[in-house]
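A.B. asks: Protein chains in written order, with the numbering used here: chain C, 1 to 437; chain D, 1001 to 1258.
Derived from the structure by calculation, the hints contain no laboratory data. Treat the hints with care, as some may be off.
Pairs of lysine-lysine, PhoX-like flavour, derived with a Cα cap of 20 Å [said to hold, decoys possible]:
#1 K326(C) - K1200(D)
#2 K1196(D) - K326(C)
#3 K1181(D) - K62(C)
#4 K257(C) - K1181(D)
#5 K59(C) - K1178(D)
#6 K426(C) - K1196(D)
#7 K62(C) - K1178(D)
#8 K59(C) - K1181(D)
#9 K138(C) - K1178(D)
#10 K58(C) - K1091(D)
#11 K1055(D) - K426(C)
Per label pair, the in silico range of CB-to-CB distance [to be verified]:
#12 N1183(D) - G94(C): 48 to 58 Å
#13 G1088(D) - Q259(C): 23 to 33 Å
#14 K426(C) - E1244(D): 30 to 40 Å
#15 I134(C) - N1183(D): 24 to 34 Å
#16 K1143(D) - A437(C): 29 to 39 Å
All figures in this text were calculated on a predicted structure; none of them were measured in a lab. Idealized CB from N, CA, C, for every residue including glycine.
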Amino acid sequence: MHILQQILFVILSGIAIFLFIKKIKEIRRNILLGRDEDLSDNPSKRWRNLALNAFGQKKMFKNPMVAILHFFVYAGFIIINIEILEIILDGITGQHRMFAPILGDLYPFLIGIFEILASAVLIACVIFLIRRNIVKVKRLSTGELQGGWPKSDANYILLFEIVLMTLFLKMNAADLALQQMGSSHYIQTDSFWISQYLMPFFQNFSEGTLIGLERFCWWAHIIGIFVFMNYLPYSKHLHVILAFPNAFYARLEPKGKMQNMKEIQNEVLYMMQPELAPANADANSVMKFGARDVHDLSWKNLMDAYSCTECGRCSSACPANQTGKKLSPRKIMMDTRDRLEEIGKQINTNKEWKEDGKTLLHDYITVEELRACTTCNACVEECPVSISPLDIIIQLRRNLVMEESNSPQEWNAMFGNIENNMAPWKFSPDDRDGWVA
Amino acid sequence: MIVKTYAEYQANSETPEILFWVGCAGSFDARAQKVTKAFVEILNHVGIQFAILGKEEMCTGDPARRAGNEFLFQMMAYNNIQTLNMYGVRKIVTTCPHCFNTLKNEYPELGGNYEVISHAVYLQQLIKDGKLKMKENGSFKGKRITYHDSCYLGRSNDIYEAPREVLQALDSDLVELKRCKTNGLCCGAGGAQMFKEDEKGETRINMERTKDVLESGASVVASNCPFCLTMLNDGIKNNEKENEIQALDIAEMIAKSI
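From just these sequences and the hints, can you work out the full model?
C.D. replies: Encoded structure:
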């Protein structure tokens, strides 16, 4: 009987890990569809950002209540995973709580801590569900999150965590009840801090029922974890992994600095100083300006899209969004991910990418959204996982203006004035120092 | 008012301490010209040898770049860098945070390397070094004033304290807006919005920001940007509150207090 359970466990873990790695590789491939960009300078500053913004969740603490609740879920997620190690080793070897005899008195202490964390996770997730569905916090229930997949995704994640934590606590309570009965396979430990209070509910059950219950919770808990692990790459919850590389690779320059376009810089230079133009310039090379689709964005923009957990801090800080304009930085990120996933699926089926008549610009993100941005950097400042929606907006704007000559009349006039009068307004350059008189 | 161009300095084989980058708004916009003159008054008062480029100055290209017109931006940058490098300019002070950001952050990789200082930081240094002293009983003493962070000094370049320290020198009662510093709300002009109508929405961004300003109960809202100044002025006028609150640049406030 035991050996069958062990074989089943090994097979299940193998499948879960195989599927997870396969999907993660696919996401890596999708991210690398983006333009190359070197973001490896100044490693010490990058490690510091990783420590502060990813591990320390610095930005979250702008709102301390939510930050603390989120920190519980995060710490719970990481620390309870130590317990998973024991569960996996038990599963493979067919033993039960194999760390208990090794760790002695430390064992119930550790499990106690895990139980406290599990309870904190449980409470936090319930509060989060209430905030989303009953209190309806604006950024969590409006705009792109009004319905459909984004709304369900958020709720599934919270429900999943609640179920997992409940199973963990129930498993421990049933275990304590069995220990008290002196059931043979159940090694004696000290009481666990939280589940001891659940144990009285289980004391009247027979040994058989309790073993069944304990085993059910054990299996459901570990299978639940495998399922959740494989749910991650399809969900906004992927931020639990990508927040770390995303913090590390975040741009280090002042936020006001826009990325330079070297090819245009050179174009202008050769126009002004033709003697500098390379003799063998390739006249046939087709230059592409700005971004029309996800391939034209940098890999960091694409990793940003996969790192977004749709919390909406960006959109609620966005001046355009707050005043009722169509622009929502969160939607920019969600659209980028949706488009990238669409392209990824096509590559999965056809082995290569073929034009499908759609582009990120226009089919996902509209001109009206792009035109509403004031480049104020509020979205970039807010993002707890170091995403820059602004960087994508600017690249799409470049494509609109330089490839499509698609800009409002007033902007065309402004461009004309700058070109002819060296100022965005129609004044004579001779009057530039007119204020001196 | 003593204002000389870089060319004039060079003709006399002199080198000014700083180049004052006036910017298009500071040169042409009637309201922003007052800020330019106020800043010159301060420089004259302290006795700093400064130059302007005069007719040789051109738009930095900021609005073109942010609207998406990189070609035009590169053209402007090329021409400005040629001029600045020809004169061997080392130190630039700006009264416009958009010019500041472009000159400081975006010109270096195009070959324009200068020490670029915003007037907020420059004034703070002058005050700190004791070169700029406020007169007793200045017009802002004890008055309730508030400060609007421009996006291009604030979030874009993390300059939050310098302008506040400048205002503290006025001995007034400085109150913060409910959205300030990293949380500051944009005035609505950045990203080339200054040059076009707002997109469709419930309200204009400057009206939303003016709400914060009026709620503060201050009699002056200080800013550091000619575009913020226009936007806040419009917002105040639209609310018919011009008798209760004024929008002023920090340079104007200092110029009135020396």
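A.B. asks: Each of the hints needs a verdict: does it hold here or not?
C.D. replies: Evaluated hints:
A threshold of 20 Å between alpha carbons decides the hint, and for K326(C) with K1200(D) the separation of about 8 Å falls inside it, so the pair holds. Of the supplied pair hints, the one linking K1196(D) and K326(C) holds, its CA atoms being roughly 16 Å apart against a limit of 20 Å. Restraint check for K1181(D) and K62(C): the C-alpha separation of about 13 Å stays at or below 20 Å, so the hint holds. Taking the CA atoms of K257(C) and K1181(D), the gap is near 19 Å; set against the 20 Å cutoff, the hint holds.
Our distance criterion of 20 Å between C-alpha atoms is met by K59(C) and K1178(D), whose separation comes to about 19 Å. For the given pair, K426(C) sits about 14 Å from K1196(D) by alpha-carbon distance, which is consistent with the 20 Å threshold. For the suggested pair K62(C) and K1178(D), the alpha carbons sit about 14 Å apart, so the restraint of at most 20 Å is met. Of the supplied pair hints, the one linking K59(C) and K1181(D) holds, its CA atoms being roughly 14 Å apart against a limit of 20 Å.
Between the alpha carbons of K138(C) and K1178(D) the distance comes to roughly 19 Å, so the proposed pair stays at or under 20 Å and holds. Under the criterion of a C-alpha separation no larger than 20 Å, the hint pairing K58(C) with K1091(D) is inconsistent with the structure, at around 36 Å. A hinted pair counts as satisfied when its Cα atoms are at most 20 Å apart, and K1055(D) with K426(C) qualifies at roughly 15 Å. The given range of 48 to 58 Å is respected by N1183(D) and G94(C), whose C-beta atoms sit roughly 56 Å from each other.
Separation of G1088(D) from Q259(C) is about 29 Å and conforms to the stated range, judged on CB atoms against 23 to 33 Å. Range check, K426(C) to E1244(D): about 34 Å between beta-carbon atoms, so the 30 to 40 Å window is met. I134(C) and N1183(D) have their C-beta atoms about 27 Å apart, which keeps the hinted 24 to 34 Å range intact. For the pair K1143(D) and A437(C), the beta carbons lie near 33 Å from each other, so the given range of 29 to 39 Å is met.
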